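If you read the sequences in order, they're chains A and B. Going by the numbering used here, the first sequence opens with residue 1, and the numbers climb by one from there. Going by the numbering used here, the second sequence opens with residue 1001, and the numbers climb by one from there.
Derived by calculation from the structure, the hints in this document are not laboratory data. Remember, predicted model here, so these are calculated numbers, not experimental data. Just so you know, even glycine gets a beta-carbon here, dropped at the ideal spot from N, CA and C. Do not rely on the hints blindly, as some may be mistaken.
[To be verified] Label pairs and their computed distance ranges (CB to CB):
hint, chain 1, residue 1, chain 2, residue 2, range
1, A, Leu32, B, Pro1066, 53 to 61 Å
2, A, Thr75, B, Thr1136, 47 to 55 Å
3, B, Arg1105, A, Pro88, 35 to 43 Å
[Claimed, not checked] Where chain B lies over chain A, by a calculated footprint (3+ residues, C-beta under 8 Å):
hint, region
4, 76-83
5, 129-142
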Amino acid sequence: MTVSTELELKSFVLLRLGDRRFAVAADETAELVSPSRVFSFPHRTPSIEGVILRRGRIVPVCDVAEKLIATRLTTRRFYLLALRRYGPRTEWVAIPVTGECELINAELTPASASDEPHVAGWLSHGGDVIEVLNLDALTPGLEDPRRGCVAPSQPGSQATRGSEGEARP
Amino acid sequence: MPSPAPVKPGTLRAEQIILFRIGEQLFALSSSSVQEVRGADSLSGGASEIAAPGVAKVRQFVRRGPNTLFLVSGARHFGLPAREGILAFILRNTRTALLVDGIERMTTMTRLQALPLSFCHEERQWYRGLTALDQTVVPVVCPEGFLSEEELVMLDAAVPPAEASSEETEKELEPEAQTDSNLGTELN
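All chains should be built: construct the whole structure from the sequences, respecting the hints.
Below, the structure is given as C-alpha cells:
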C-alpha cells in the first residue's frame, strides 16, 4: 500500500528587511503601499513610529526591524499593511519594508516550543529557510480593550482603558 | 482575507474643537471641555509652589474657593521639549489648568477615530482618539487624562493647609480677569 502525503500549501507574502527575508501569511495582509507622511504625536509605546492616513483610515506604523534584524530601518520602500489581532478584534498595522514583496505558495513548518514567540513557523523557499511572522506577538497592542495593555517588549507596562473601534463625537 | 471591522457609517455630528500647540506639536481639545482660557502669567501670579514627588509636571497650584487647581505643564506631561506654556486652559469638571504654548484655531471635527489598539501605554489615558483635519492627523486629548487619581492624591498631600496660602486665593484672580482682555476667556 502506498501512503501519499499531500502537501498543504499556503500563500505567504515575503517581505524584505535589510538583507533578510521574512514571511507573513497572505490572508493576514491587505496591501503594499508607497511610503507616505507619518504623523507622529507623543506616546509611550515602543516601536510605534506614528500613524499614516490610508483611505480614510488612521493606521499605526510599526517598525519591526529592530526586533528582527537588530537595527532600525534608515530607508523604507513600502509599507506592508497587515492585519493585527487584538483579542476578538483586528486592525491594520503598517510594517515598513525595504524591498519588493513577493507572493508565494509554500508549506508551513509549525514553530517549535524553542522558537521565539514572534515565530509562527518556517518555510523553505529558494534555498532559504524563512521565518513566518506572528504579528500578534511581534507588534505591541492592547490585547483585551476591557482589561489592559500587553506589550510584548514591555512586560511591566501599565493597565489601560478600553477603546471603541469607532468613536463619534 | 479577513478585514478589520468596517467603519461604522453612523451619523456625523460635528464637535467644536480647539487646536492648540505645545512646542511644535498640534493637539485638539473639545471646546466644551474648556471652562476658561487665561494667560499663564495671570494664573500663576496667584499660584503657590508645589513639589509633589512623582508629579513633576505640576509645580504650581491655585485655590479657587473650596477647590484647588493644579497647573499642569503640557510639555512635561507629553514629554515634549517645550517651555512652560503661556496660556492656561482651565478644564471643566477637572482640577487641571493645562499650560500650552498657543491656540492655533478653533474648528469642527466630524469624526473621531479611536486610538489604534497598537498604542497601549499612557497614551490611552491621554487621548480620546485621533481625528483627520486637512490631511493631518491630530490627537484629541482627554481632559481627565492629565492628572490620574493617584497623582491627585499625591498632589493633595503636598498642598499646604489653606491658612498657609490663604492670601493667594482666587479672590485675587477674579477682578484681574475682568480687566485684561487676554484673561478669563469663558468658553461655552
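We went through each hint and held it up to the structure:
1. Checked against the hint of 53 to 61 Å, the pair A/Leu32 and B/Pro1066 passes, with Cβ atoms roughly 59 Å apart.
2. A hinted range of 47 to 55 Å for the beta carbons of A/Thr75 and B/Thr1136 is inconsistent with their spacing of about 24 Å.
3. At roughly 39 Å, the beta carbons of B/Arg1105 and A/Pro88 sit within the given window of 35 to 43 Å.
4. Under a criterion of three residues with beta carbons nearer than 8 Å to beta carbons of chain B, the stated coverage of the region 76-83 of chain A fails, only 1 such residues being counted.
5. Residues of the region 129-142 of chain A lying with their CB closer than 8 Å to a CB of chain B number 4, which satisfies the three-residue condition for coverage.
Of the numbered hints stated above, those contradicted by the structure are hints 2, 4, listed in ascending order.
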